[in-house]
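**Q** Use the sequences and the hints to build the structure in full.
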Amino acid sequence: MDPHLLRTFVAVLDHRSFSVAASALGYTQSAVSQHIAALEADLGTRLVERRPVAPTPAGTRLMEHAPALLLRLDAARTDISRLRHTRSTRLTLACSPAALTPAIAQALSQLRAAAHSLDLEVHTLGREAVLAEVLTGRADIGLVDGAAAPSDPLPLPDLGPATTLVAAEEPLAVLFPHHHPLARRRTVRLTDLAQAHWIDAPDTAIPLDRLRDICRTDGFRPRIRHRGTDLHALAALATTGHGLAALPLPLATTLGGTAVPVAEPRLVHRTEAVHAANPSRTTQQLVERMTW
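Each residue of the sequence shown is one higher than the one before, starting from 1 at the first, in UniProt numbering.
None of these hints come from the bench; they were simulated from the model. Heads up, some of the hints might be wrong.
To be verified - Quick list of simulated restraints, FRET-style, between CB atoms:
#1 152 to 114: 31 to 37 Å
#2 42 to 171: 49 to 55 Å
#3 256 to 103: 35 to 41 Å
Beta carbons: idealized from backbone N, C-alpha and C, even for Gly.
**A** Dropping the structure here:
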């Protein structure tokens, strides 16, 4: 399967237009049509309906694989490039909003003090975007967070030769508005909250599909959806009664409202660091300072 054809296929379905995809890719519309026809001939089935532009059942199935395949190809190219180019005075860190804990911020401060001339850049992104930044070389190291049993790894996708290691584990809590009847409790059980109103905020709070998997229920349905990486906007929604959100306890206590620790199931908020298999010396120094 030619990756150039696959990229064109993804662009067409992302934009739902042959002409817009052509403009985004720098091709002519005729070339885009030829790419789709060639990919369909290669796989022996129709992938894209033309009017209106939409995936066929086979196209839908291919779209489930295509982004991960293209990301791994980009990661392989980047991994080879890293063998030829190393940077010792520049560090780009990508992190999900709740992953940059005070302890990790302190590790960054120590690294800057030791390196003196370190050029540090921090990108705050959604979890999937953080992994893509690391795998494609746009970031030297990534920090992603999530909920897991103590000492269990996060359920991350296949990252190829990238290295993943624990950076922090903190108590998990639910953020309530002050007036909520459960806000006075010392602890809560997630299963008791499965039918409560929740905010679907996959890039800031613990994703609701993760809570469903952990509690083995079809509950945790969103009352509203929040997209983006602004924790304070999420907190404003949660603390004024729009829905609940699961966050690390130390962070949740700074956002207003009332943070109540989760007692059952036994979970922690876990932050993991992800970097290339052949990291720069600066990346290694940061890892040494922030991991257990």
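**Q** Next, verify each hint and record whether it holds.
**A** How the hints compare with the structure:
Between residue 152 and residue 114 the beta carbon distance is about 32 Å. The supplied range of 31 to 37 Å therefore holds. About 51 Å separates the C-beta atoms of residue 42 and residue 171, a value consistent with the hinted range of 49 to 55 Å. For the hinted restraint 35 to 41 Å between residue 256 and residue 103, the CB-CB distance of approximately 22 Å leaves it violated.
Going down the numbered hints, you'll see the structure goes against just number 3.
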